[in-house]
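Q: Here is what each chain is made of, one letter per residue.
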Amino acid sequence: MRGWRVVFASVVGIAVFGLVWEVFVRVTDVAEFILLPPSKIIAELADNPAVYWDAALVTGRHALIGIAIAFAISIVAGAVLASSRFIEQASQPVLVLILVAPWVAYFTSIVAWLGRGDPPVLFLVTLVAVPAFTFAAVSGLRSSDPAARELLASVNASRLEVLWRLRLPSALPVLLATSRYVIGLTLAAAYYGEGGNLTSVGEGGLGTIGRSAASQSQGRPLWATVFATVLLGVVGLGLVSLIERVLLRWHVSQRRSPLDVASARPARRWVP
Amino acid sequence: MRGVTKFFGRLEALRLIDLDVAPGEVVTVLGASGSGKTTLLRLIGGLAEPSSGLVEVDGASPHEARDSKRVGFVPQSPALLPWRTVARNASLLLEVNRDATSDAARSPTELLAEVGLAEFTDAYPHELSGGMQQRVALVRAMTLGAPLLLMDEPFAALDEITREDMRHLLARLCESLPTTVVFVTHSVPESVYLSDRVVVLSQRPGRIVGIEQIDLPRPRQPDVEDDPAFFAATKRLRALLHEGATLHWTPAV
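From first to last, the protein sequence lines stand for chains A and B. Per this note's numbering, residue 1 is the first one in the first sequence, and the count goes up by one each step. Per this note's numbering, residue 1 is the first one in the second sequence, and the count goes up by one each step.
In case anyone wonders, no lab produced these hints; they're calculated from the structure. Given the structure is predicted, the values throughout are model-derived calculations rather than measurements. This list has only true hints and no planted wrong ones.
Ranges of calculated distance between the beta carbons of each label pair, as one might list FRET restraints:
| hint | chain 1 | residue 1 | chain 2 | residue 2 | range |
| --- | --- | --- | --- | --- | --- |
| 1 | B | Leu177 | A | Glu161 | 22 to 28 Å |
| 2 | A | Glu161 | B | Thr109 | 21 to 27 Å |
| 3 | B | Ser107 | A | Glu161 | 21 to 27 Å |
| 4 | A | Gly117 | B | Asp122 | 48 to 54 Å |
| 5 | A | Glu161 | B | Asp122 | 20 to 26 Å |
| 6 | B | Glu119 | A | Ala15 | 47 to 53 Å |
| 7 | B | Glu119 | A | Gly117 | 54 to 60 Å |
| 8 | B | Leu216 | A | Ala147 | 31 to 37 Å |
| 9 | B | Ser129 | A | Val12 | 40 to 46 Å |
Glycine residues also receive a C-beta, built at the ideal position from the N, C-alpha and C atoms.
Please build the complete structure, drawing on both the sequences and the hints.
A: Right under this line is the structure:
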């Protein structure tokens, strides 16, 4: 019952962490704005569930759409970059620039360009996710088995066929692995974008609430939004795991160790 | 092949190869590592271009032959797609470039059954042993029903016992087909068992040291390996290989 052990261990870990946090805050009597104890965070969320739920949906939507667009862009870009070393080397500095440029600084310019509301947030989220996905796409597309490529060449497969049948599936594991850490990045970008967008609290996401709470030094809503964003991240990671389990059934990362085979359902496995 | 020479930069891999393979013949290219035998195979399949000389497949260029899917290629490693089941891997070459699939194409399911993998059609490659994977690779090439089969040391990574089983299997499969087979190997018994003629390549730069006719009875049975004629053939081939190993290297003029 390996699965239950893992879940139990995680729950224990989180519970201990929460306990230490709670005790620390109570003992040091730190101000609410600086650090809110878990008990008060949960109380704040329980007082206004609808507000936070709606806001979480907005933030989640921003992150999800941004990731999806970035994913699509990076596959196209990756295919182009993977096909030519020159283009790849030429684009690398640009991608790195995007990766390291502090979006915190240029976001107001984006708002000025795209106006208020969703567009600037989506733009920012997509922008921050593109470099990571593109690097992953290039690496993944290049990792396809050279013997398989020769095999397809022996029947004069077109470039598109090679891309679709061989290279993209080869790139899938690294792309999904990258999406795990892109989730944190995009949620941060979404949060920041909503906050810097100056839309009214009614239509905004967690970032909007958070920014307004921060400017009024209200610790409770601020930390509640932080907590909610973390929860979104956890849900996102869970989704990625689920997708991996389904799409990467064949991949070595999804295989149980040989030691588990005896306890697992008998699979049609040929163990030499 | 006529007067085919192949350079990789300054490295001369093959020199002045003249080789004719008759339709329906099984020819083995035998040589030590580095003798250029894989290069020779790839030149026939059009996966590489000769530096000089001419390569023709069935009167057409190798590129044209590949375009009409008249070449079935079995690479050294099985190169199965890990995300596809055995059945779908076997039909891979049929799906690619679909318009060029000939009428002589054979059913993957039937072929899988012939090689003994009928129960594994829904398995994934990682669940199979090396020998089983290589059998899928064989089926994949044979489904094309192509007039030419090129095999690049397909059994090189297998243990001795599995190798023997595989060459008996391959001989049985080829028996019923009018396919021309060019098979690359460094194993002498393999070349004697499988082929009508064996082409022996020297050390780099690879030149043809000799071509041996193998006159053992067809269809080949596993017990022919105990036949004195079999042993005599392997002896002659080993002598040729030895000759090829001690040939002096002279710079190409």
